[in-house]
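A.B. asks: Here is what each chain is made of, one letter per residue.
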Amino acid sequence: MSIQTAGKPSRALELGRIGKYAILLVAAFLTIGPVVWTLVTALTPTDSATHITSVGFGAFEDVFKKIPVWLYTWNSALVTLIVAVGQMLSAAMAGYVFARYEFRAKKVLFALVLATMMVPMQVTIVPVFMLIRGMGLADTLLALILPALPTAFGTFLMRQYFMGLPAELGEAAEIDGAGPWRTFFGVYLPLATPGLAIVGILAFNYHWNEFFRPLIMTISDQNFTLPLGLVTLQGNLGTGSVSTVLAGVILSMIPALLVFVFGQKPLREGLTAGAGK
Amino acid sequence: MSKTLPVTGSTRAVAIASGGEAPKPTKNRALIWVFLAPTVIGLGLFNFVPIIASTVLAFFHWDVITPPQFAGFDNFVWMFDNPTVRVAFLNTIGFVIAAVVVQLAVALGLALLVQSKMPNWLRSFFRSALFFPLILSAASVSLIMAYLFNQEFGLVNQFLGLFGIEKVGWLTTGIGAKVVVLLVYVWQNFGFTFLMFIGGIAGVPREVYEASSIDGATGWKQFRDITLPLISPTMLVASVMAIINALQIFDQPWVLTRGGPGDETRTAVMVIYESAFRELNFGGASAVGIVLTLLIMLVTALQFQLSKRYVFYG
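First to last, the protein sequences are chains A and B. Read in order, the letters of the first sequence correspond to residues 6 to 282 in the working numbering. Read in order, the letters of the second sequence correspond to residues 214 to 527 in the working numbering.
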C-alpha cells in the first residue's frame with residue numbers, strides 16, 4: 006500500500022468525502038429500509054410471541070382469503086386507467102386549443118382553468134359528493150372517475166408543450182390538405198407523446214394511491230379501491246396480522262414500482278413541472 | 214396574426230380579403246369547442262360550481278335532511294368556539310410550520326450532496342433512492358410506519374432499546390403521535406422538494422463556481438454567496454408548494470391515529486371529513502374548507518410579493 010503522507014487540506018477533503026457518502030447512504034437506507042423491512046416481514050409471518058413461524062408466501066395467501074384482492078385491484082385499475090387515459094386526452098385537446106387557437110373567451114377560460122388549481126379537492130368534496138349523489142352515482146366507481154377526468158394541471162402542462170412545438174408543422178400539414186382535426190391527431194398529438202406520458206404517469210401515480218376520495222365516495226366494500234381495502238385489512242388498530250397487512254401493502258405497491266422503474270424520467274419531470282417558472 | 218395560429222389557405226384569403234387581422238375560421242370553431250368541452254364542462258361542473266357552492270354553503274346550516282337555513286357567520290364562529298375544530302386548526306398550522314422547515318432543510322442538504330462531485334451512476338442511484346417514497350400511497354406508508362413505531366414490538370423502540378431507552382409510546386402520547394405524523398409525512402414528501410432543489414442547483418452555471426474558487430471562496434462561503442442566492446427562486450416556489458400541500462394533510466394521521474390520542478393529531482381536513490360525513494354539518498365543513506382556501510390564497514399572494522422583492526433572478 007502506498008499511502009502518501011497527505012497534507013492537511015487533502016485529508017480534510019477525504020474526510021468530507023467519506024462524510025458525504027455516509028450521510029447519503031444513511032438517507033438512502035432510511036428511504037428504502039422500511040419497504041425492504043415490509044417485504045421481509047411479509048415473507049416471514051410471526052406468531053404473537055414474535056417468533057417466525059414460517060418463511061414463504063403464506064401471508065400473501067392470507068391476504069387473498071381475508072379481502073377480495075382481485076376485486077379491489079380491478080376497481081383500482083379501472084379507475085386509475087380510465088382517469089389516466091381520460092386526463093391525457095382531455096388535457097391534450099384543451100391544451101392544444103389554448104396553445105394554438107385564438108378565440109374570444111380564451112383568456113377568461115384559461116384563467117378560470119388555472120384558478121381551479123388553487124382550491125384543493127378536499128374543500129370542494131362536499132358539493133361534489135352532493136352532485137354525484139344527485140346524478141345517482143353515489144357509491145359507484147364512476148363517482149371516482151367522472152370528477153377526475155378533467156385536469157387543470159394537465160391542461161396547463163400540455164398547453165406549454167404544444168406552445169413549444171413549431172407552428173410551421175401545422176401550416177405545412179394544412180397546405181398538404183390536412184384538415185384541422187387531422188393536423189391535431191396526425192401531426193401534433195404524436196409529437197406530444199413525452200408530455201402525454203407525464204400527464205398519464207402523474208395521473209396513474211396519484212389515483213392508484215389516493216385515499217381521501219375513495220374513503221368518501223365508496224360505501225359498500227365491493228366498490229373499495231386497493232388502499233381502502235388495505236386499511237380495512239388492518240382492522241381495528243392493529244388487530245390484523247402484521248405479515249398479512251404488509252403482504253397486502255407489498256401487493257399494492259407493484260404497479261407503482263413498475264412505473265418507478267420504467268417511467269422514472271417522465272415521473273421526475275412531471276413532479277417538478279409545476280415548479281418551472 | 215398570432216404566431217400560434219395555424220393558417221390555412223382559405224384563412225389567408227379571408228384575411229387578405231377583409232384587409233386586416235384574420236377573422237377566426239368558422240370551420241375550426243367546431244374543433245375549438247369540441248376540444249375544450251371535456252375540460253371546460255368537467256372543471257366547471259366538478260370544480261368551479263363546487264367552489265361557489267362551498268362558499269355559499271359556509272353561510273348556511275344544512276344537514277341534508279332538513280332544508281338549508283341561512284346562518285350568517287355562525288359556522289365561522291363555530292369554528293373558533295368548538296374546541297376540537299380550534300385545536301385541529303392549531304395542529305395544522307403547527308404541523309405546516311414544522312413540516313416545511315424540516316422538509317426544506319432535509320431536501321436542500323441532500324440535494325447539495327447529491328449534486329456534488331461523484332460518479333454519475335452513484336448520483337442517479339442516490340437520486341432514485343431518495344425520491345422513491347413519493348411513489349407509494351400515503352395509506353400504505355402509514356400502515357408500515359404504524360408497525361415500525363408500535364410501542365411493544367416496533368422496530369424503532371427495539372432499536373432505541375439498544376441504547377437503554379425505554380419503550381416510547383409513539384402513537385399513544387400526544388407529542389409522540391405528533392412527531393410520528395410529522396416524520397411519516399416528511400419521509401414521504403421531502404423527495405418532491407429534493408427534486409426541485411436538484412433542478413435549481415443544476416441550473417447554477419459551473420463557471421460561477423470556478424470564478425469564485427479562483428477568488429478563494431470555498432465550501433460554506435460559496436454556498437452562502439452563490440448557491441443560496443441563485444436557487445432562491447426555487448426555494449420560494451418549493452416552500453410555497455410545501456406549505457400548500459402540508460395544509461391538506463389527512464391520509465397519514467387518519468391511518469396512523471384517527472386524529473388521536475384525543476385531538477392531538479386532528480387536522481383541518483379531518484374536521485371537514487368528520488363534520489360533513491359523520492355529523493352531517495355540511496355548513497361547518499364548508500366553512501373550514503373556505504378558511505383553508507383563504508390560507509392557500511394568502512400564501513400564494515405572499516409568494517408573488519416576495520418574489521418581486523427579495524428573490525434574486527440571475
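Don't read these hints as lab results, they were simulated from the structure. It cannot be assumed that every hint is accurate.
[To be verified] Listed next, the stretches of chain B that the computed footprint assigns to chain A, with coverage defined by at least 3 CB atoms under 8 Å from CB atoms of chain A:
#1 244–252
#2 259–265
#3 287–299
#4 338–344
#5 387–395
#6 398–411
#7 434–442
For glycine and all other residues, C-beta sits at the position ideal for the given N, C-alpha and C.
A.B. asks: All the hints need checking, so say for each whether the structure fits it.
C.D. replies: Tested hints:
Remark: the region 244–252 of chain B is confirmed as covered by chain A, as 7 of its residues place a Cβ nearer than 8 Å to a Cβ of that chain, reaching the required three. Closer than 8 Å: that is the beta-carbon criterion, and the region 259–265 of chain B has 6 residues meeting it against chain A, so the requirement of 3 holds. Counting residues of the region 287–299 of chain B whose beta carbon lies closer than 8 Å to any beta carbon of chain A gives 0, which falls short of the minimum of three for the stated coverage. Figure legend: the region 338–344 of chain B, annotated as covered by chain A; annotation consistent (6 residues with Cβ-Cβ distances under 8 Å, at least 3 required).
Closer than 8 Å: that is the beta-carbon criterion, and the region 387–395 of chain B has 0 residues meeting it against chain A, so the requirement of 3 is violated. Coverage of the region 398–411 of chain B by chain A holds [criterion: at least 3 residues with CB-CB distance below 8 Å; count 5]. Given as covered by chain A, the region 434–442 of chain B fails the check, having 0 residues with a CB less than 8 Å from a CB of that chain where 3 are the minimum.
In this structure, the hints that do not hold are numbers 3, 5, 7, in rising order.
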